[in-house]
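Engineer: Note that the protein sequences, when read in sequence, are chains A and B. In this note's numbering, each residue's number is its place in the first sequence (first place is 1) plus 8. In this note's numbering, each residue's number is its place in the second sequence (first place is 1) plus 82.
These are calculated hints, taken from the structure and not from any lab test. Hints may be right or wrong, so weigh each one.
[Said to hold, decoys possible] Calculated cross-link-like contacts (lysine-lysine; reagent style DSSO-like; alpha-carbon spacing at most 27 Å):
1. Lys65(A) with Lys76(A)
2. Lys139(B) with Lys50(A)
3. Lys50(A) with Lys91(B)
4. Lys67(A) with Lys77(A)
5. Lys65(A) with Lys77(A)
6. Lys87(A) with Lys50(A)
[Claimed, not checked] Listing some non-contacts, in silico: residues in chain B with all C-beta distances to chain A over 12 Å:
7. Asp83
8. Ser109
9. Gly110
10. Gln123
11. Leu128
12. Glu144
13. Arg145
14. Gln149
15. Glu157
16. Ser161
17. Leu165
18. Cys173
[What the hints assert, rightly or not] Label pairs and their calculated CB-CB ranges:
19. Asp122(B) with Ile117(A): 44 to 54 Å
20. Ser109(B) with Glu66(A): 19 to 29 Å
21. Pro16(A) with Asp122(B): 11 to 21 Å
22. His92(B) with Ala61(A): 41 to 51 Å
From the three backbone atoms N, C-alpha and C, an ideal C-beta is built for every residue, glycine too.
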Amino acid sequence: EDQVTQSPEALRLQEGESSSLNCSYTVSGLRGLFWYRQDPGKGPEFLFTLYSAGEEKEKERLKATLTKKESFLHITAPKPEDSATYLCAVQGYRANNLFFGTGTRLTVIP
Amino acid sequence: DSGVTQTPKHLITATGQRVTLRCSPRSGDLSVYWYQQSLDQGLQFLIQYYNGEERAKGNILERFSAQQFPDLHSELNLSSLELGDSALYFCASSVGQGAFPYEQYFGPGTRLTVT
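Please work from the sequences and hints to get the whole structure.
Structural biologist: Encoded structure:
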């Protein structure tokens, strides 16, 4: 059965204090690993798709990396506007839907 | 803005009632997915439609049903509502079924409150 575990559950950072969020996954045949950002009461906003181990993608202060067992979302010099819940999801070859983790709630303090 | 639209934004109704949630996918997307997000469970997949046909079912209750119309918009019908059905309901769309690129784009959601 597909499984996604995100850690930590919550993270508080000072503005400018870099850190990483972790997503550990188990899936039978990885089609893709996805990162989304979700603000309270809003729909998840697509950030990245990673397809194979060793792949990296960057967008502004965010960088996502992928290994065979986990993915990291690195946040460099975060700003208060980066505060949100970051969701990791996987899609296996046996299913078309996304299987989500419970997210990491990030708070960046000015 | 993802290009996926959902109506209504908020819905408040009583136990035992029936409601319909509506979703229009991004232009060109043929697949529509419905997800439920509650405080204690995170995002859970309910059902997928592709070009008008049901393609996959997740943790969808028998009291819930969905359909996708020829213009590709989709409706999620929730009946005999219970307090525990209170949640955010999201629709997502993607280009195809199992077709590259695989990412799904989410709508703004409908917040359902059952009293």
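Engineer: Taking each numbered hint in turn, which are not upheld by the structure, reported in ascending numerical order?
Structural biologist: 7, 10, 11, 18, 19
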